[in-house]
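Residue numbers (this note's numbering), protein chains in the order written: chain A, 1 to 211; chain R, 212 to 422; chain Z, 423 to 633.
One thing to keep in mind: the hints can contain errors.
Computed footprint of chain Z on chain R, listed as stretches where at least three residues anywhere in the stretch have a Cβ under 8 Å from a Cβ of chain Z [said to hold, decoys possible]:
1. 246-253
2. 271-280
3. 283-296
4. 316-326
5. 350-361
The set of hints was computed from the structure by calculation and includes no laboratory data.
Note that CB positions come from ideal geometry on N, CA and C, so glycine has one too.
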Amino acid sequence: MTFDQINFVLSMMATVAFAVTGVLAVSERRVDFFSAVVLGVITAIGGGTIRDLILDVPVFWAADLSYVRFAVLASVITFVAQSFFSKPQILKLFLHVDALGIALFGVGGAFKALELGFGWPLGPLMLGIITAIGGGLLRDVLAGRKTLLMSDEVYTLPVFAGCLVMLITIRLFPDASSEGVLVGTLLALVLRSAAIHRSWRLPDWFLTKSK
Amino acid sequence: MTFDQINFVLSMMATVAFAVTGVLAVSERRVDFFSAVVLGVITAIGGGTIRDLILDVPVFWAADLSYVRFAVLASVITFVAQSFFSKPQILKLFLHVDALGIALFGVGGAFKALELGFGWPLGPLMLGIITAIGGGLLRDVLAGRKTLLMSDEVYTLPVFAGCLVMLITIRLFPDASSEGVLVGTLLALVLRSAAIHRSWRLPDWFLTKSK
Amino acid sequence: MTFDQINFVLSMMATVAFAVTGVLAVSERRVDFFSAVVLGVITAIGGGTIRDLILDVPVFWAADLSYVRFAVLASVITFVAQSFFSKPQILKLFLHVDALGIALFGVGGAFKALELGFGWPLGPLMLGIITAIGGGLLRDVLAGRKTLLMSDEVYTLPVFAGCLVMLITIRLFPDASSEGVLVGTLLALVLRSAAIHRSWRLPDWFLTKSK
Numbered sequence: 001m002t003f004d005q006i007n008f009v010l011s012m013m014a015t016v017a018f019a020v021t022g023v024l025a026v027s028e029r030r031v032d033f034f035s036a037v038v039l040g041v042i043t044a045i046g047g048g049t050i051r052d053l054i055l056d057v058p059v060f061w062a063a064d065l066s067y068v069r070f071a072v073l074a075s076v077i078t079f080v081a082q083s084f085f086s087k088p089q090i091l092k093l094f095l096h097v098d099a100l101g102i103a104l105f106g107v108g109g110a111f112k113a114l115e116l117g118f119g120w121p122l123g124p125l126m127l128g129i130i131t132a133i134g135g136g137l138l139r140d141v142l143a144g145r146k147t148l149l150m151s152d153e154v155y156t157l158p159v160f161a162g163c164l165v166m167l168i169t170i171r172l173f174p175d176a177s178s179e180g181v182l183v184g185t186l187l188a189l190v191l192r193s194a195a196i197h198r199s200w201r202l203p204d205w206f207l208t209k210s211k
Numbered sequence: 212m213t214f215d216q217i218n219f220v221l222s223m224m225a226t227v228a229f230a231v232t233g234v235l236a237v238s239e240r241r242v243d244f245f246s247a248v249v250l251g252v253i254t255a256i257g258g259g260t261i262r263d264l265i266l267d268v269p270v271f272w273a274a275d276l277s278y279v280r281f282a283v284l285a286s287v288i289t290f291v292a293q294s295f296f297s298k299p300q301i302l303k304l305f306l307h308v309d310a311l312g313i314a315l316f317g318v319g320g321a322f323k324a325l326e327l328g329f330g331w332p333l334g335p336l337m338l339g340i341i342t343a344i345g346g347g348l349l350r351d352v353l354a355g356r357k358t359l360l361m362s363d364e365v366y367t368l369p370v371f372a373g374c375l376v377m378l379i380t381i382r383l384f385p386d387a388s389s390e391g392v393l394v395g396t397l398l399a400l401v402l403r404s405a406a407i408h409r410s411w412r413l414p415d416w417f418l419t420k421s422k
Numbered sequence: 423m424t425f426d427q428i429n430f431v432l433s434m435m436a437t438v439a440f441a442v443t444g445v446l447a448v449s450e451r452r453v454d455f456f457s458a459v460v461l462g463v464i465t466a467i468g469g470g471t472i473r474d475l476i477l478d479v480p481v482f483w484a485a486d487l488s489y490v491r492f493a494v495l496a497s498v499i500t501f502v503a504q505s506f507f508s509k510p511q512i513l514k515l516f517l518h519v520d521a522l523g524i525a526l527f528g529v530g531g532a533f534k535a536l537e538l539g540f541g542w543p544l545g546p547l548m549l550g551i552i553t554a555i556g557g558g559l560l561r562d563v564l565a566g567r568k569t570l571l572m573s574d575e576v577y578t579l580p581v582f583a584g585c586l587v588m589l590i591t592i593r594l595f596p597d598a599s600s601e602g603v604l605v606g607t608l609l610a611l612v613l614r615s616a617a618i619h620r621s622w623r624l625p626d627w628f629l630t631k632s633k
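Required output: the full structure, derived from the provided sequences and hints.
Written as structure tokens, this is what we have:
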């Protein structure tokens with residue numbers, strides 16, 4: 001497989017994972033099929049859409065409908081097989097694919113902003129984080145849940161770290177774009193996966209309010 | 212009256228209905244006049260605004276301020292005559308005009324996306340639904356209510372069905388754009404109105420969680 | 423100092439004030455550093471970002487990263503020195519700087535819309551209000567709080583009055599743009615500051631629901 005093909009497969013996996021979390025967010029309510037699918041799709045493509053609006057480029061899913069297709073498909077399947085997807089071990093698996101998603105989309109979003117000349121380093125950093133968590137924020141707000149920004153899950157830090165390392169790598173080695181993206185994505189993925197696996201929480205002095 | 216004139220009158224009626232629901236959403240709170248009007252206007256033009264941002268075309272109400280004018284006027288009148296608009300039979304009347312609104316704006320939004328070449332059929336379908344329910348979602352989120360995606364009202368299905376029939380009709384008969392839009396709009400309107408009139412709920416296997 | 427320099431200093435003060443309110447909004451929750459900073463930055467630049475998306479111009483903070491820099495800095499400092507910023511007299515001080523912010527950004531946003539030819543007077547009025555309160559609305563929604571549109575604080579009226587006076591002044595004296603902006607901003611600032619200082623509430627007939 002070429003680099004582009006690998007990237008495509010991983011992106012679709014991440015899109016699927018995001019859509020699954022969108023539908024599962026309402027699995028405990030009485031929500032109808034169409035609303036659940038709409039929510040799944042918004043969760044999957046929302047972050048990248050906000051990024052593209054801010055960058056003033058065509059939204060990424062207009063040029064390649066695969067994202068929407070996979071998001072719809074994943075939402076429909078999740079709806080039909082809710083009891084399967086709600087199993088603890090399956091949920092945990094999807095949490096890790098979701099981790100892949102925020103790593104891939106976050107660092108990818110920051111890289112897109114970097115290439116379009118959004119000033120180093122705060123522009124790409126902001127847009128990377130928005131790409132990674134925007135869809136999840138829309139999901140939480142529309143589902144009436146506490147947003148993921150309000151949880152004590154270690155969620156924003158891995159994206160931040162991955163984007164920062166990517167930006168620094170490319171700053172130091174301007175010819176190593178792919179390597180920079182790869183290193184950043186891996187770092188974000190490892191940090192987020194470790195946080196899930198070990199139920200990491202940030203130390204108290206990293207939280208607004210101590211226990 | 213020409214087709215355009217009829218379309219204009221119906222669009223303004225729908226805009227008014229959306230604005231009315233926006234102000235009524237806060238009629239049970241202590242909200243001031245200016246906030247209520249802002250909420251009414253956001254409800255009325257929010258969905259089409261999100262659509263136009265995603266399509267990257269000028270927002271529809273910049274070219275023709277009639278939408279904002281009617282939204283402001285309707286919001287002011289609703290604020291002043293709250294007790295009138297809160298009567299059950301008036302509320303029900305406006306629910307039906309709101310049904311006209313989601314039919315007209317939903318199918319119209321999908322058609323706009325189709326004409327701009329957003330890939331068939333998922334692009335126009337998504338944008339049709341966003342146009343129809345976007346303003347209501349903004350209203351619910353800003354008013355701190357359960358969003359309409361979370362209710363068991365049959366709301367998304369009529370828009371979906373109307374947009375789909377419009378898209379299929381125009382696919383089969385490429386010269387019959389107006390007829391396709393008309394048929395889709397009527398279908399969405401009839402389905403939504405019937406759902407209101409008969410208090411339709413989707414069957415349990417169409418819901419994420421059974422009773 | 424030139425007019426531009428004064429404007430820059432005031433804008434940065436307002437950006438800081440907005441960011442501070444964003445971080446303080448979550449100071450009573452267990453929210454981590456990165457989420458708090460992201461929320462502070464979104465609060466600071468959110469309103470202007472929505473305005474620029476609707477106007478279809480590049481977002482203001484892409485051209486001049488000072489806004490993001492000051493927002494990040496203010497958020498970090500607020501996070502570190504929460505107990506200081508939560509003191510009643512400091513909070514009150516920042517409420518007044520926040521008043522400067524909504525005056526400056528509101529009337530400035532309306533003026534930007536006016537210059538870009540958004541139809542007089544409703545286009546600039548709407549965009550002025552969105553610029554002023556958009557960031558605060560995003561903050562409240564993401565933090566899961568009652569949005570400021572739902573409170574009985576006198577918040578929207580000062581922005582509305584300031585924008586209206588600016589628009590009328592420039593309509594009557596087309597050569598007096600700066601003066602119009604200045605008068606409008608001062609009016610909005612005075613009204614909002616007075617509302618804070620004297621705990622003004624709108625009279626009952628200006629509210630949707632009486633006590």
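Quick rundown of the hints versus the structure:
1. Under a criterion of three residues with beta carbons nearer than 8 Å to beta carbons of chain Z, the stated coverage of the stretch 246-253 of chain R is upheld, 5 such residues being counted.
2. Counting residues of the stretch 271-280 of chain R whose CB lies closer than 8 Å to any CB of chain Z gives 5, which reaches the minimum of 3, so the coverage claim holds.
3. Coverage of the stretch 283-296 of chain R by chain Z holds in this model, with 3 residues showing a Cβ closer than 8 Å to a Cβ of that chain against a need of three.
4. Here's how the stretch 316-326 of chain R fares: 0 of its residues keep a CB closer than 8 Å to some CB of chain Z, so the rule of at least three is not met and the hint is violated.
5. Under the rule that three or more residues need a Cβ within less than 8 Å of chain Z, the assignment of the stretch 350-361 of chain R holds, with 4 such residues.
The structure is inconsistent with hint 4 alone, although it conforms to all the rest.
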